[in-house]
Amino acid sequence: MRLPRVPAMSRSTRLGGEVMADLLVATNVTKRFGGLTAVDNVDFAVPEKSIVTIIGPNGAGKTTFFNCMTGLYKPTTGKVTFDGKDITAKPPHVVTQAGVARTFQNIKLFKTMTVLENVQVGRHARLKSRITGMILRTPFVRREEEEVERRSRELLAIVGLERRRYQDLASSLPYGDQRRLEIARALASDPRLLLLDEPTAGMNPQESDELTVLMDKLRTELGIAILLIEHDMKVVMGVSDHITVLDGGQKIAAGNPQEVRKNPRVIEAYLGSQA
Amino acid sequence: MSAIRNTFGRVSGLVPFWVWCLVWLLAAIAFGFIGDEVFSDELYDASITTLGYVMMALGLNIVVGFAGLLDLGYVAFYAIGAFMGGWLMSAQFSDRDIHFLVSDVTEKLPGIHLNFFLVIFLAAAVTAFWGAVLGAPTLRLRGDYLAIVTLAFGEIVPRVFELSESGLFGIGSTNWSNGRQGITPVDKPFAPIPGLDEITRLDITPYFFIALFMVVLVLFLNFRLRDSRLGRAWIAVREDEVAAAAMGVNLVRVKLWAYAIGAAIGGFAGAFLGVYRNTVNVDQFEFGFSVFILAMIIIGGMGNIGGVIAGAITLSLFERFALPELNPLTQSLIDFDITAISFGIFGFFLLAMMILRPEGFIPNRRRKMELHEGEDDETATGPGDESLYAVRG
Chain V
1 MRLPRVPAMS RSTRLGGEVM ADLLVATNVT KRFGGLTAVD NVDFAVPEKS
51 IVTIIGPNGA GKTTFFNCMT GLYKPTTGKV TFDGKDITAK PPHVVTQAGV
101 ARTFQNIKLF KTMTVLENVQ VGRHARLKSR ITGMILRTPF VRREEEEVER
151 RSRELLAIVG LERRRYQDLA SSLPYGDQRR LEIARALASD PRLLLLDEPT
201 AGMNPQESDE LTVLMDKLRT ELGIAILLIE HDMKVVMGVS DHITVLDGGQ
251 KIAAGNPQEV RKNPRVIEAY LGSQA
Chain A
1 MSAIRNTFGR VSGLVPFWVW CLVWLLAAIA FGFIGDEVFS DELYDASITT
51 LGYVMMALGL NIVVGFAGLL DLGYVAFYAI GAFMGGWLMS AQFSDRDIHF
101 LVSDVTEKLP GIHLNFFLVI FLAAAVTAFW GAVLGAPTLR LRGDYLAIVT
151 LAFGEIVPRV FELSESGLFG IGSTNWSNGR QGITPVDKPF APIPGLDEIT
201 RLDITPYFFI ALFMVVLVLF LNFRLRDSRL GRAWIAVRED EVAAAAMGVN
251 LVRVKLWAYA IGAAIGGFAG AFLGVYRNTV NVDQFEFGFS VFILAMIIIG
301 GMGNIGGVIA GAITLSLFER FALPELNPLT QSLIDFDITA ISFGIFGFFL
351 LAMMILRPEG FIPNRRRKME LHEGEDDETA TGPGDESLYA VRG
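So the protein sequences, as listed, match chains V and A. As numbered in the working numbering, residues 1 to 275 make up the first sequence, in order. As numbered in the working numbering, residues 1 to 393 make up the second sequence, in order.
Be careful, since some hints might not be right.
In the SDA-like style, the derived pairs of lysine to any residue whose C-alpha atoms are separated by at most 25 Å in a straight line are [said to hold, decoys possible]:
(1) V:Lys128 to A:Ala136
(2) V:Lys128 to A:Phe209
(3) A:Lys188 to A:Val252
(4) V:Lys128 to A:Thr279
(5) V:Lys85 to A:Arg253
(6) V:Lys217 to V:Lys74
(7) V:Lys128 to A:Asn278
(8) V:Lys74 to A:Leu219
(9) V:Lys74 to A:Leu114
(10) A:Lys188 to A:Leu114
(11) A:Lys188 to A:Thr106
(12) V:Lys74 to A:Pro137
(13) V:Lys74 to A:Thr279
(14) V:Lys217 to V:Gln97
(15) A:Lys188 to A:Asn278
(16) V:Lys128 to A:Leu221
(17) V:Lys90 to A:Val252
(18) V:Lys85 to A:Pro137
(19) V:Lys128 to V:Asn106
(20) V:Lys74 to A:Arg253
(21) V:Lys85 to A:Thr138
(22) V:Lys90 to A:Arg140
(23) V:Lys90 to A:Thr138
(24) V:Lys74 to V:Gly248
(25) V:Lys217 to V:Pro264
(26) V:Lys74 to A:Leu251
These are computed hints drawn from the structure, not numbers from a lab.
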């Protein structure tokens, strides 16, 4: 599906002196479920090649906001653009095709497929073989399939999964490795923006450190922007260029880690009003 | 049991997969040549029907086994395929006079008479279209609801044919089906090749080879699709629709392909069975038939091509031979005709399998896991996941 190009919005964000164009822009995004407003009029942007984090207490609407970005939910009002293209309420596969990939808070691997097959499915959006080609297995399809496998192995190596596990079922992996596999699967679609929903949940401190290194590597080496939901403040403060704080569906603060750390409203949201 | 399977697995692993295919194919060809002399005519006849059922089971396996869409109305595609055969290879439309690559005898008959080998592919194409049309309204449904809607389609389609004695949906006055009588006779397959052009009802050997050729074609399609990006996407959709969509899988397209290809194979086999039985009759297209085919793939092992074939052969022969064998016994014991409830027996099989061994006797590794998943892993899917997609609407 081709996406209509909207007139270039001259938005950009200043990042450590360097001005980067905004890749993902959410304008006035609201999501209501019946009487409950889960996301309330949030403005938000992810500049290119940056790591932006959303934090907030449980139930703040972080994951709902994520789902609005990736097409799993249709925002009640508001607009989401990616690289100048309107992706508001587009189906998830169109969003993925446009260059946004994601992982899930509660791991959603294809459990009965092997590790390698999981990553191969992740590449689906970039494959061009047609049904007749698949049946006749034309040289083009054969080459494409070889390419998928090669690329999938590469990505598994990048996220640091052991080679001997590639043919194991995804569900047989330890928890931390399942998280990494989800990242590899998301990377297989060649995203320009990667959305990670609590990637360190259930990881031990060493694994969290490794993941922090990996995120930095993805940004610097592959030029991928990362949008992160995270509770581990060590990770958040370590990697984020920019932090947005949500509470009760509203954006209550935004800025770089130092600014957010000192913001009284953030402290209040996390510790309660008595603090 | 598992020891046997492990040994079998080790032995079969010694030779490459294609060698196994070749061995089975040669065995089937050998049976085709000597079967009618060594075994009874009835067994030979049953083996031809069985090949037709094998095709059907392989087609339904794409929808149910690969894509995980429970379809209880597969008989609809059998009906459409068979009627395509009936319409294009009989004197049904006697006011027309269309002949294409048919024998000299058929050439003189009124009606539409196309060559069998063209008709089976036409039937496949038309049923593929109808598969997608009937699949489209069910795309947002899951599980039980999907089963109920497909079941209804399986009932509607044969009734439409039955009531089309004077115009389809009351439009026009063409007689499409002769009502309950059905279309008979249907032309025999004709190959415009010297030596192969003499296919008569007395010698059914050629039918065996035609059916075998069709099965090989369907199998080829199954294997190629299973190992393609579409096959991967089917399994991904079956596992987790939300995750599959987030990976760039277009759910609508992928599901419609499953319906269309599954239906096409049903129509392909349906046209053959219609021609082989020499009659196309609505009584053949009962709900029980859908259950019969579904039982084949469940007993064999959903998603596993080899298992599905084994299941189809077993059940088909069971229906043909074991039930009539048992009949005198039940007749004498409790004065009861067991063949009268054959579909009930298959329904019982289906139930028993689903409770005791849902992965089938020759399970697919993946499928087995999936079906036992909930037993020890309560957290696997939260209730929230199920509705995630629906919230978009």
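Pairwise hint evaluation, Thr106 of chain A against Lys188 of chain A, where the allowed Cα distance is 25 Å at most: Within the cut-off at roughly 9 Å; holds.
CA of Lys128 of chain V to CA of Asn106 of chain V, is that 25 Å or under? violated (30 Å)
Holds or violated: are the alpha carbons of Lys74 of chain V and Thr279 of chain A at most 25 Å from each other? Judged against 25 Å, a Cα distance of about 53 Å means the pair is violated.
CA of Lys217 of chain V to CA of Pro264 of chain V, is that 25 Å or under? violated (33 Å)
Proposed proximity, Phe209 of chain A with Lys128 of chain V (alpha carbon, max 25 Å): Violated, at about 37 Å.
Holds or violated: Lys90 of chain V to Thr138 of chain A, with C-alpha atoms at most 25 Å apart: holds (21 Å)
Would the hint linking Lys128 of chain V and Thr279 of chain A be met if the CA-CA limit is 25 Å? The given pair, whose Cα atoms are some 43 Å apart, is violated under the 25 Å limit.
Is Lys188 of chain A close enough to Leu114 of chain A, meaning Cα to Cα at most 25 Å? holds (11 Å)
For the pair we were handed, Lys217 of chain V and Lys74 of chain V, check the Cα-Cα distance against 25 Å. violated (32 Å)
Holds or violated: Lys188 of chain A to Val252 of chain A, with C-alpha atoms at most 25 Å apart: violated (39 Å)
What's the verdict on Lys85 of chain V and Thr138 of chain A, does the C-alpha distance respect the 25 Å limit or exceed it? violated (31 Å)
Lys74 of chain V and Leu114 of chain A: Cα distance at most 25 Å? Outside the cut-off at roughly 52 Å; violated.
Violated hints for the displayed structure, listed by number in ascending order: 2, 3, 4, 6, 7, 8, 9, 13, 18, 19, 21, 25.
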